[in-house]
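Undergrad: Make a model of the complete structure from these sequences and hints.
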Amino acid sequence: MSILIFADQAQGKIKKAALEAVQYGAKVAAQLGTTATALVLGPVDAAELSALGNYGAQKVLHAADARLHEVESIVYTKVIAEAAEKEGSQVIIFPHNFDGKAVAPRVAARLKAGLVAGAISYPDTSNGFVVKKNVFSGKAFAHVNITSDKKIIAIIPNTFALTPGTGTAAVEAFSPAIQDSDFKVKVVKTETVSGDVPLTEAEIVVSGGRGMKGPENWGILEDLARALGAATASSRPVADAGWRPHHEHVGQTGLTVRPNLYVAIGISGAIQHLAGVNGSKVIVVINKDPEAPFFKAADYGIVGDAFEVVPKLTAAVQKLKQS
Amino acid sequence: MKILVCISKTPDTTAKIAFTDNNTKFNEAGVQFIINPYDEWYALVRALELKETIGADVHLVTVGGADCDPIIRKALALGGDEAFRINADSADSFYIASQIAAHAREKQYDIIFTGKETIDYNGSGIGGMVAELLDLPYVSIAAKFDLNGTVATVNREIEGGEEICEVSLPVVVSCQKGMAEARIPNMRGIMAARTKPLTVVDPVAADTLTSVISFELPPAKAGVKLISPDNVDELVKLLHEEAKVI
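As given, the protein sequences belong to chains A and B, one line each in that order.
Under UniProt numbering, think of the first position of the first sequence as 1, with each following residue one higher.
Under UniProt numbering, think of the first position of the second sequence as 1, with each following residue one higher.
One or more of the hints may lead you astray.
Said to hold, decoys possible - Simulated coverage check for chain B against chain A, where a stretch passes if three residues somewhere in it have a Cβ under 8 Å from a Cβ of chain A:
id, region
1, 118–127
2, 201–209
What the hints assert, rightly or not - Which residues of chain B face chain A? A partial, calculated answer using Cβ under 7 Å:
id, residue
3, 159
4, 160
5, 198
Claimed, not checked - Restraint-style ranges between C-beta atoms, simulated for each label pair:
id, chain 1, residue 1, chain 2, residue 2, range
6, B, 185, A, 64, 51 to 57 Å
7, A, 166, B, 33, 49 to 55 Å
8, B, 29, A, 166, 19 to 25 Å
No lab work stands behind these hints, which were simulated from the structure alone.
Just so you know, even glycine gets a beta-carbon here, dropped at the ideal spot from N, CA and C.
TA: Structure follows, in structure tokens:
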């Protein structure tokens with residue numbers, strides 16, 4: 001009857017979004033009077049596994065099978081369904097990241113479990129099993145009741161702040177029944193930007209728009225990002241013009257981010273861009289046009305030339321960090 | 001080659017979001033409806049490109065009432081060959097996926113394309129559910145799709161990068177930016193769409209596993225605090241002491 005949490009890894013490290021899912025699952029378990037079991041697939045260090053206890057997992061099921069290193073939705077679905085059966089889980093939690101989006105719907109269809117994808121609240125069980133989720137690309141919320149016996153919740157990364165404690169989790173090896181023939185989608189190559197914080201997990205994001213005038217000017221933005229420990233992002237016109245790689249594009253047709261701080265530089269703030277960032281806790285807008293619609297969605301704003309303001313801001317942040 | 005493109009009717013990206021009936025229904029007054037952008041710009045156009053390069057029948061399917069017919073005609077005008085509207089309320093993703101899977105089981109497609117998510121419900125679940133119900137491989141959130149015979153090379157987005165995957169047809173793929181460039185229907189397409197077949201199909205029996213109880217709008221922002229460009233120290237101080245984010 002345990003709550004099962006799919007805790008995904010990349011290159012052997014449990015993702016931050018997965019830790020958030022574990023912590024969320026542990027809270028739901030406490031709410032429902034049961035325990036939380038995290039499921040980790042693929043080779044991962046032992047220390048990473050037992051550390052899940054700090055986020056409230058009582059138990060960690062670990063399938064170390066090297067073939068599970070990358071997500072194959074058919075295989076992952078089989079494995080998660082087997083783990084849910086073994087644990088008697090009626091509720092399964094996923095992070096609503098790329099892995100969660102690849103796998104959670106399949107698991108939902110297989111188990112006939114109602115799925116709320118993009119959840120931003122704990123379930124309200126006072127009248128049914130109601131979870132709040134983002135709809136209309138963050139412009140509104142819906143309260144969704146899961147009416148099936150089995151339930152799946154996929155939570156948006158960076159929504160539930162991590163508050164690690166000092167628990168311990170019992171790690172149990174898990175050998176699911178999978179065959180080589182189950183693997184239909186083969187990853188032939190992985191191309192990642194190494195060393196950087198993934199944009200969707202970043203706590204601070206510095207983003208540039210057309211107002212940056214060209215890719216050669218990104219240096220001042222990257223300097224600010226470095227000073228803040230932030231990831232860099234861009235608006236759609238910037239990605240379309242090829243100034244910055246597509247995977248940095250934030251907005252309705254790009255990534256949705258929910259950092260603690262989003263700094264928008266030279267971005268006018270079209271409704272489609274706002275859809276990708278309006279879950280940010282604090283928004284700072286730097287734009288020389290006082291009429292830029294982004295100011296209406298901002299918490300703090302500077303009306304000024306980015307090429308003058310940004311280097312000064314970087315220096316001020318560095319001063320703060322050194323103090 | 002037979003390709004199925006799943007399309008959904010959504011409010012325009014710039015539509016004002018408001019609710020009626022005690023916040024239980026989306027307020028459609030004055031709202032323009034469009035083909036969900038991911039379904040149109042990426043899924044449908046990539047299917048049409050494949051039709052033009054290697055030859056394919058491109059079918060369209062949507063789950064909804066007669067109010068979906070205008071967007072289906074637009075998809076036909078862009079170049080789809082034949083459309084199916086499963087005449088049912090599109091309230092729950094498992095229910096919708098069950099309808100599409102029943103249709104696809106009968107027609108036996110080589111490729112099923114969906115958008116990566118709809119811009120109204122943001123569920124991103126239909127592709128994966130259809131794949132599971134049909135026991136087919138699934139590549140989610142793809143930015144590129146190429147075919148070499150019956151083997152597809154698909155770029156799948158992951159955190160901070162891409163995985164380049166290979167998979168044999170048949171396959172279900174959810175599409176995002178990068179797959180294709182948006183197109184505008186031409187007059188010939190619009191005229192041709194009028195006579196292309198649009199078949200209304202009765203739904204199969206399927207379970208509904210979720211239901212929306214109510215909607216809610218986010219609280220209004222308190223208003224921007226403007227800081228002089230000559231006083232960036234003040235901004236840093238506010239972010240550190242007031243907002244506590246740095």
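Undergrad: Does each hint fit the structure? Answer for all of them.
TA: Cross-check of the supplied hints:
1. Residues of the region 118–127 of chain B lying with their CB closer than 8 Å to a CB of chain A number 9, which satisfies the three-residue condition for coverage.
2. For the region 201–209 of chain B, the assignment as covered by chain A holds, since 3 residues bring a beta-carbon within under 8 Å of that chain's beta-carbons and 3 suffice.
3. About 4 Å separates the beta-carbon of residue 159 of chain B from the nearest beta-carbon of chain A, less than 7 Å, and the hint is met.
4. With 7 Å as the threshold, the beta carbon of residue 160 of chain B comes within range of chain A, its nearest partner Cβ sitting at about 4 Å, so the hint holds.
5. Because the closest C-beta pair between residue 198 of chain B and chain A is about 27 Å apart, greater than 7 Å, the hint is violated.
6. Between residue 185 of chain B and residue 64 of chain A the beta carbon distance is about 52 Å. The supplied range of 51 to 57 Å therefore holds.
7. A hinted range of 49 to 55 Å for the beta carbons of residue 166 of chain A and residue 33 of chain B is consistent with their spacing of about 53 Å.
8. A hinted range of 19 to 25 Å for the beta carbons of residue 29 of chain B and residue 166 of chain A is inconsistent with their spacing of about 55 Å.
In this structure, the earlier hints numbered 5, 8 are contradicted, and the remaining ones agree with it.
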